[in-house]
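These protein sequence lines map, in sequence, to chains A and B.
Numbering-wise (this note's numbering), the first sequence opens with residue 1 and increments by one.
Numbering-wise (this note's numbering), the second sequence opens with residue 1 and increments by one.
Any given hint might turn out to be false.
In the EDC-like style, the derived pairs of lysine to aspartate or glutamate whose C-alpha atoms are separated by at most 20 Å in a straight line are [unchecked claim]:
#  : chain 1 : residue 1 : chain 2 : residue 2
1  : B       : K236      : A       : E186
2  : B       : K25       : A       : E99
3  : A       : K88       : A       : E22
4  : A       : K59       : A       : D85
5  : A       : K210      : B       : D17
6  : B       : K21       : B       : D38
7  : A       : K236      : A       : E186
8  : B       : K25       : A       : D85
9  : B       : K21       : A       : D211
10 : B       : K21       : A       : E204
11 : A       : K210      : B       : E43
12 : B       : K25       : A       : E186
13 : A       : K210      : B       : E18
14 : B       : K21       : A       : E209
15 : A       : K231      : A       : D165
16 : A       : K210      : B       : E29
17 : A       : K113      : A       : E22
Residues from chain A that keep clear of chain B, each with C-beta distances beyond 12 Å, as calculated [as the list claims (entries may be wrong)]:
#  : residue
18 : P33
19 : A75
20 : L78
21 : K113
22 : D169
For the record, the hints were derived by calculation from the structure and aren't laboratory data.
By construction, the Cβ of each residue, glycine as well, lies at the ideal position given by its N, Cα and C atoms.
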Amino acid sequence: MGASYDMTFLALLLCSLYEPPEQDDARRCMAHPAKKQDFVINDCLSYAADMNVILMYFKCLDDWNDEGKISMRAAAALLKSAYGDLSKRYKRQCQAIEEALGEVAALEVQARKKPQTVELDTAANAFALSFGEMFAYRQDFWFEPLRSFGTKLGKFVYVMDAAQDTEQDAKTGNYNPFVDWNTSEEDQLTALKVLAADAARAFERLPLEKDMHLLRSVIYAGMWQPYLAKKQKKEKKNEGRPTVSPAYSTLGGMQ
Amino acid sequence: MENPYAVLGVSSDASLDEVKKAYRKKARENHPDLNPNDPRAAERMNEINEAYDRIINPEKYEARDARARARDAGAYSSSASSSSAGASQGPYGQYRGSSASGSQGSSSGSSYSGYYRQENSYSSGRSGWSGSGFDFEDLFGFGMGGAYSNEPIHPEAQSGDSAAVRSAINFINSQQYNRAIDCLNRIVSGERNARWYYLSALANEGAGNTLMALEQIRRAVRMDPQNPDYTRAQRKFQASGQTYTQTSQARGFSMGWDPMSCCCTCCALQYAAQMCCYGGHGGLLYC
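Could you build all of it, start to finish, from the sequences and the hints given here?
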């Protein structure tokens, strides 16, 4: 659930959409205690930073639950008090995330019982809604457009993660819609492109100017980075060797 | 609103980017925060926002204005005018416009009149989390217009179609996609032929179940490769993905492998910065 990546993008997006008044300041930070660091703060950046903490909290919980990483349990405990404050301030977003995660967990149980009973989009849509809720910064004119965009982007993120983890999930039995439905790699790519197109379409509806090229570079190229990294890694590995797919079948698929 | 382009101060043949720039210029001038002593600043900002919205989402306003006119004329009916081909009612009593304006139709009851809008029950007390199609269609389905706007496919009943299939077709054509899905799912798996997969694909596409739609249309085509409707639908579903790839390239971005960005733990924005230097129009932009 690439948490920090997504919220940095949100920070940039909101600053571009709202062009809020900024406050420059300088403070010492823990990583650089010797010299005061210049920083910029504004409402949009604060919001994105808060969303980041919330996501990190859930990610740690998730990692602890899924993989029993003790370090994640400690991290989650540390974040818990921060999360407590934030969950009061951002009831809507936190509720959305909690509900989405609960739903996805339930779907995983259902899918494990019988293959292909959970439809391909259900988990992705559930996750996407929580993402959308985070992008909907506040109750104003941009609430719906931001939520719509966030939802579509969230769906892409979820499905991209699924595409990344097919081999792993096939081995561990973790829920993965592409494993459940035996989707070929070619078909996964097709799906990702359509979802990317949906997100891009929603993105282009926002009247952005500041940092537009940077924002677009994420939407049209940057957000594919995990996919490309995996593909490249695979190609290197398979150089000179016939392609072998493990438990997960590539029915009718091509690289 | 008479002429949204005039409100933004652009000509009516302005490009999307020009419209955005015009919006930004107006927003900077009229932002309530920058005009704290001006009570009309918020009002002007609303007007600017609405003008922008009208340009970006014309279908949404077509349906909304048509309904407003019909309401004023006292002859409101849920099957509205020609411009909104089949307004339908969601399960919460929200009226939705035609599929082309689907995404925002549900909030048409509340206008964007407040720049600093009060919490409204639709947005905050959402009960759509548990997968009710009402919310998904708006958020995922045939959303607002814009550059990629396309009309949904309208299937026609054929002789030999069962009652359930005919029902499903009616639901699809009136944008009640989740009811269509329910209808189709009641048909036992033994009777699920290519046509079933085709109709299910259409219903899922409309409901925002993109992955399912792609999977099902694939099956329909596999089961009946000669059927032109099925291949046409498949091409249509995939078209946006291809347009996206072309747009990406046209803008100077590349989805291809970038040798500078192989560290998986780096922030994606760093990648983005590198990518736009690498694949951009030859200029150093945001490194």
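Against the structure, the hints:
1. With a C-alpha separation of about 17 Å, the suggested pairing of B:K236 with A:E186 holds against the 20 Å cut-off.
2. Simply put, B:K25 and A:E99 have alpha-carbon atoms about 40 Å apart, too far for the 20 Å limit, and the pair is violated.
3. Of the pairs offered as hints, the one joining A:K88 and A:E22 is violated, with about 26 Å between alpha carbons and a cut-off of 20 Å exceeded.
4. For the given pair, A:K59 sits about 18 Å from A:D85 by alpha-carbon distance, which is consistent with the 20 Å threshold.
5. The hinted pair formed by A:K210 and B:D17 meets the criterion: a straight-line CA distance of about 12 Å does not exceed 20 Å.
6. The suggested pairing of B:K21 with B:D38 is violated, with an alpha-carbon distance near 24 Å, which exceeds 20 Å.
7. A C-alpha spacing of about 19 Å is found between A:K236 and A:E186, which places the hinted pair at or below 20 Å, so the restraint holds.
8. A distance of roughly 37 Å separates the Cα atoms of B:K25 and A:D85; the hinted pair therefore is violated under the 20 Å criterion.
9. Proximity of B:K21 to A:D211 is assessed by CA-CA distance (about 13 Å); at most 20 Å being required, the pair is judged to hold.
10. Our distance criterion of 20 Å between C-alpha atoms is met by B:K21 and A:E204, whose separation comes to about 13 Å.
11. About 24 Å separates the Cα atoms of A:K210 and B:E43, which puts this hinted pair outside 20 Å; it is violated.
12. Between the alpha carbons of B:K25 and A:E186 the distance comes to roughly 44 Å, so the proposed pair goes past 20 Å and is violated.
13. Annotation: proposed proximity of A:K210 to B:E18 holds, straight-line Cα distance about 14 Å (limit 20 Å).
14. This hinted pair checks out: B:K21 and A:E209 have alpha carbons roughly 7 Å apart, not beyond 20 Å.
15. Among the hinted pairs, A:K231 with A:D165 is consistent with the structure: their alpha-carbon atoms are about 12 Å apart, no more than 20 Å.
16. Restraint check for A:K210 and B:E29: the C-alpha separation of about 16 Å stays at or below 20 Å, so the hint holds.
17. Taking the CA atoms of A:K113 and A:E22, the gap is near 53 Å; set against the 20 Å cutoff, the hint is violated.
18. Every CB of chain B is more than 12 Å from the CB of A:P33 (nearest about 23 Å), matching its label as outside the interface.
19. With a least CB separation of 17 Å from chain B, A:A75 remains clear of the 12 Å interface cut-off, as annotated.
20. Every Cβ of chain B is farther than 12 Å from the Cβ of A:L78; the closest lies at roughly 21 Å, confirming the non-interface assignment.
21. With 12 Å as the threshold on Cβ separation, the claim that A:K113 sits away from chain B holds: the shortest Cβ distance comes to roughly 17 Å.
22. With 12 Å as the threshold on Cβ separation, the claim that A:D169 sits away from chain B holds: the shortest Cβ distance comes to roughly 16 Å.
The structure fails hints 2, 3, 6, 8, 11, 12, 17 (numbered hints given earlier, in ascending order).
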